[in-house]
Every structure is written in structure tokens, then in C-alpha cells.
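Construct the complete structure from the given sequences, taking the supplied hints into account.
2 protein chains.
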Amino acid sequence: MSPRADADVTDLVARARAGEARAVARLISLVEDESPLLREVMTELAPYAGRAHVVGITGAPGVGKSTSTSALVAELRRAGRRVGVLAVDPSSPFSGGALLGDRVRMGEHALDPGVFIRSMAARGHLGGLAWTTPQALRVLDAAGCDVILVETVGVGQSEVEVAALADTTLVLLAPGMGDGIQAAKAGILEIGDLYVVNKADRDGADQVRRDLRSMLALGDRPEGAWRPPIVKTVASSGTGVDEVVAEIDRHRAWLSDSGELERRRTRRAREEIEAIALTTLRRRWDDDRGRADVGRLAAEVVAGTSDPYAAADELLGTVPD
Amino acid sequence: MSPRADADVTDLVARARAGEARAVARLISLVEDESPLLREVMTELAPYAGRAHVVGITGAPGVGKSTSTSALVAELRRAGRRVGVLAVDPSSPFSGGALLGDRVRMGEHALDPGVFIRSMAARGHLGGLAWTTPQALRVLDAAGCDVILVETVGVGQSEVEVAALADTTLVLLAPGMGDGIQAAKAGILEIGDLYVVNKADRDGADQVRRDLRSMLALGDRPEGAWRPPIVKTVASSGTGVDEVVAEIDRHRAWLSDSGELERRRTRRAREEIEAIALTTLRRRWDDDRGRADVGRLAAEVVAGTSDPYAAADELLGTVPD
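Protein chains in written order, with full-length UniProt numbering: chain A, 1 to 321; chain B, 1 to 321.
Keep in mind the hints are simulated off the structure, nothing from the lab.
Any given hint could turn out to be false.
[Stated by the list, open to error] Just so you have them, the derived chain A footprint on chain B, three or more residues with Cβ under 8 Å:
(1) 44-56
(2) 271-283
(3) 299-305
(4) 310-317
Glycine included, each C-beta is placed from N, C-alpha and C at the ideal position.
Encoded structure:
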């Protein structure tokens with residue numbers, strides 16, 4: 001990297017740490033663009049990360065994810081906490097920086113300097129959520145967010161991926177969604193640390209809660225394990241949202257005390273390191289010299305003078321050059 | 001590997017090369033099971049691979065893929081050629097060796113010693129078609145097949161993947177499939193080396209051919225480029241199948257003469273080598289020592305004393321041990 005780029009990154013990180021929204025946005029754009037500067041950014045951010053509590057918000061379309069996210073932001077702000085919101089759309093091919101969209105979505109919070117809101121298309125070249133989201137989280141974390149809400153936008157099988165990135169996973173349900181809980185895939189029973197039955201002023205909310213409770217009770221949990229609570233809310237009026245925040249905090253305390261926070265974060269860091277290592281290799285094999293090396297090995301395999309395993313070994317042997 | 005395993009592999013390869021169907025089936029099972037013996041198998045097979053012509057057969061459900069494959073086998077056998085059939089089901093979670101199913105599907109050829117028929121579930125742990133299919137092809141190739149037909153079973157986005165593995169890609173169409181060609185994704189116009197309008201005794205076959213011809217003409221091709229022919233068949237009665245074989249042979253000759261065969265095979269070998277290298281790394285990171293190494297790096301990242309890029313570099317630096 002040039003000295004100029006160095007200076008830029010150091011400056012950007014300093015401004016992001018000071019809470020300057022434009023600097024935070026710029027750093028997240030670097031993540032989204034898979035910039036070569038990311039390596040330096042992450043080095044500079046490393047000492048400042050690890051404070052924020054990451055809450056994944058997931059649920060079927062129509063349960064009120066956006067409204068719930070907005071209500072949670074309001075409740076957290078009331079307590080004076082700095083909040084990051086990362087709306088991830090794994091299905092969108094459009095790169096983010098959707099600033100206008102962000103402001104529209106989160107109208108009331110858009111001008112609050114204690115809130116960072118960012119939409120992000122997660123479908124980069126380098127492999128989606130697992131690669132980009134942790135780095136965006138690290139930016140928001142270092143920028144001083146106490147809590148980061150990660151919400152998936154759009155439809156997809158990404159619930160489980162979001163859960164893998166969060167300290168606390170909040171699963172939203174609502175009455176009247178087809179078969180209610182039955183409609184929600186059985187998978188959500190594995191990932192939820194906290195269940196929220198939204199639109200609780202509608203018919204059927206109690207039934208959803210009863211169904212959910214009996215389904216959660218089916219899986220016996222060992223002594224000391226976390227038992228996911230079920231909270232009813234009406235996000236549009238804010239009812240019950242204080243209780244959701246209280247349960248998030250209770251879960252955070254349990255995570256710390258039980259050692260599970262450390263375990264989850266270490267597992268996430270492991271996945272992130274491996275994803276970056278694989279990406280680094282793919283890039284190396286794709287530069288001029290790499291293409292020549294792999295091309296020579298491929299020609300040997302085609303000629304029958306080598307086999308793909310021996311060639312792969314040779315490729316890996318040349319890795320640390 | 002133990003001396004015993006060595007002896008087994010050498011013996012298996014020798015028997016497969018002698019055309020023993022059970023030995024061929026056993027080697028393909030090793031591929032499917034992602035056996036650690038594969039490394040040896042591929043080393044032993046290397047000098048004998050590269051002779052077979054690989055023909056990918058793709059098309060929407062209902063166009064008569066199985067019937068066409070069977071008719072092609074009959075035609076190729078009439079000319080005394082040894083034929084391999086690999087039916088790949090990328091959507092199936094069931095591991096292959098579906099011997100009974102294979103026999104039922106290809107009833108008339110099941111007892112012909114000049115035909116190897118094998119179904120394979122391609123959805124292994126290590127990443128689908130790109131990993132398993134080339135190795136299965138290498139087995140059939142070394143076993144002396146002159147032509148290998150690769151047919152995808154089931155529905156999916158795998159047409160393009162199959163095309164990437166084949167020397168010649170045959171795209172099957174049929175009249176009366178909804179909007180005919182319009183229903184076929186535009187993508188098939190990119191991948192076909194040869195188009196077959198099957199069920200040509202039905203109304204609309206000529207229209208399908210006309211539509212296809214005008215769509216193919218839209219893309220101007222440079223001088224010396226291959227112009228995909230369109231052949232009409234009635235696979236159930238064998239009509240036109242001799243012409244399909246003739247066009248496959250003509251394409252094969254063009255591939256050789258133009259240097260494209262070498263280019264395609266080198267590109268495939270490159271992808272296979274990279275897939276094996278990445279798989280080797282993932283496995284290494286997942287064994288006891290690897291888990292300890294990655295775990296230590298992950299803990300440093302969580303503690304903020306390292307960042308994921310530096311950790312990834314260190315992980316790659318320890319690769320060639």
C-alpha cells in the first residue's frame with residue numbers, strides 16, 4: 001500500500017472512532033467493495049473491536065422486522081446506548097451505500113448521531129455474508145456502538161448464517177402468518193436465543209406463544225443452559241420492546257458468565273480467518289504469476305505426467321512465497 | 001496409507017483397466033465417499049487418462065434425456081466403441097452405487113461388458129460436481145471408455161456445471177415444452193456445442209428448430225469458430241441418433257484441430273487442482289493440530305491482539321508443513 005493509502009486509512013479509522021458517520025460509511029464501503037485496503041483497516045481496528053453486542057434479527061417476511069428493528073433502536077437510544085444497524089440483503093446484486101434508502105427506512109433515527117444505519121449487499125465476489133458482514137461489524141464495533149442490530153432484508157436461507165454471526169439471535173414471529181409456527185421452519189428452534197411474538201394485539205398471538213413454548217420444551221436442555229424466553233410485542237406502538245431489550249441484556253450476561261460469549265466469538269473468528277485465507281489463495285492463484293503456475297500444473301495433469309492431487313500439493317507448497 | 005491399501009489400489013486400478021466392471025464401480029465409490037485412498041488412485045490412473053471423449057447431456061425435464069442417452073449408447077456400441085455413462089444427480093443426498101436403479105434405467109445395456117453405467121450423487125461434503133465428477137470421469141477414462149456420456153438427473157442449475165466438465169455439450173430440446181425454446185433459459189445458447197430437437201415426430205419440432213436457428217444466428221461467430229449444428233431425433237425409435245454421433249465426432253475433430261480441446265481440458269484441470277487444494281486446506285485446518293492452530297489464531301483475533309488478515313497470513317504460512 002502506498003504511504004498515501006496508509007495515511008488515508010489511519011485518518012479514516014481515527015475519524016470513525018470519533019463517531020464521524022461519513023468515515024464509518026466509507027469504511028463499510030471499503031468492506032463492500034472488497035477493497036485491498038481492508039487488510040490495513042482491519043489491522044488498525046483490531047485493538048478497538050470486541051465491545052459491541054451483536055444482535056441478529058431474523059424472521060419471515062411480514063412479521064415486522066423493520067418496525068421491530070426501529071423500535072429496538074428507539075428503546076436502546078432512550079437508555080443512552082450507541083446503536084449500529086446493519087441491514088444485510090444477501091439476495092441483492094446492488095452494492096450498498098444506499099444512503100437514501102437507509103434514511104427512508106429508519107426515518108426517525110437518520111439524523112441521530114448516536115445511530116449508525118447501513119444497508120449492505122452481502123453477495124460480493126468473495127462469498128457472501130461470511131466474508132463481508134464480520135468486517136462491517138468490526139467497523140461499527142470500533143466506532144463505539146454498544147449494540148449492533150443485524151437484520152436480513154429479503155427472503156432467503158440466510159437466517160442460519162445471521163445467527164452464526166450474532167451474539168444473540170432474536171427470532172420474530174407473528175400471528176396470522178399461514179400456519180403460524182408451523183410455517184416457520186423447524187430450523188428457527190435451533191437458532192433463537194430469544195423469541196418475539198410481534199403484532200401481539202392481533203388474534204392468535206397467544207396461540208403462537210403456546211405453540212412455540214411447547215415446541216421449545218420438547219428439546220430438553222441441560223442444567224445451566226440458556227432457556228430462550230418468549231416476549232410479546234406490538235412494535236408499531238413500542239409495547240413490550242423494553243422487555244425485549246431486558247432479555248437481550250440478560251442473555252448477554254449469561255453469555256459472559258457461562259463462557260459461551262468467548263466460545264461463540266472464537267468460532268466466528270475462526271470462520272472469518274479461514275474465509276480470508278481461502279480468498280487470499282484464490283486471488284493469488286488468479287494473478288499473473290499464479291495463473292502461470294496453475295496453468296503449468298494443469299498442463300501436466302492433462303498430459304498425464306502429474307495427477308490433480310500431486311499438482312494441488314505443489315500448488316500449496318508454493319503458497320507462502 | 002498402509003501397504004495393504006497400496007496393494008488394494010494397485011490391484012483395483014489394474015482390474016479396472018482390464019475392464020472389470022466391479023473394479024470400476026468400486027473406484028467410483030471411493031470418489032463418491034471422498035475416500036483418503038483417492039490420492040493414490042489418481043496417481044495410478046494419471047498415465048492412462050485423457051483418451052475418452054466426454055459428452056455432457058443437458059436439457060429440461062421431459063425432453064427425453066434418459067431415452068436419448070440410452071439411444072446414444074446403442075449407436076456407439078454398434079460402432080464397437082466402449083461407453084461410460086455417468087448419471088449425476090446434484091440434488092440427491094443419497095450416495096450412489098444405485099446399482100439396481102442403474103440397471104433398471106439402462107436395461108438393455110446393463111449386461112453389455114462394453115458399457116459402464118453409474119449413477120452418482122454429486123452433493124458430497126467437499127463441494128459438488130466440480131470435485132467428484134472429474135475424478136469419476138478419470139476412472140471411466142482409464143478403464144478404456146472411448147466416449148463418456150454425462151447426464152444430469154433431477155432439476156437444477158447444474159447445466160452450466162456439466163458443460164464445464166464436458167468436451168462436447170449436447171443440449172436437448174423438445175416441442176411442446178411450454179414456450180418451447182423461450183422456456184429454455186437463454187443460458188443454453190452459450191453452452192451448447194450441439195443441439196438436438198428430440199421427439200421430432202411431434203407437432204412443433206420444426207418450429208423449435210427454426211427458433212433455435214435464429215437465436216443461434218444472433219450471436220455472430222468469428223472465422224474458424226464452431227457453429228453448433230441442430231439435429232432432429234426421435235430417440236425412442238433411434239431416428240437421427242446416428243447423425244448425433246456423427247456431429248459429436250465432427251466436434252471432437254474440430255476441438256483437436258483448433259487447439260480448443262487442449263484449452264478446455266487445461267481449464268478443467270486447473271479448476272480441479274484448485275478445488276483439491278482448497279479441500280486439502282480445509283481438511284488440514286480441521287484435524288487435531290489444525291484446529292489447535294486456528295483456535296489459537298482465533299483467540300488472538302477475539303482478544304484484539306491480532307486481526308483476521310494477519311491471522312490468515314499466519315495460517316497460510318503454516319500451510320506446507
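Next item on the list: Check each numbered hint from earlier against the structure, then list the numbers of those it violates in ascending order.
Entry: none
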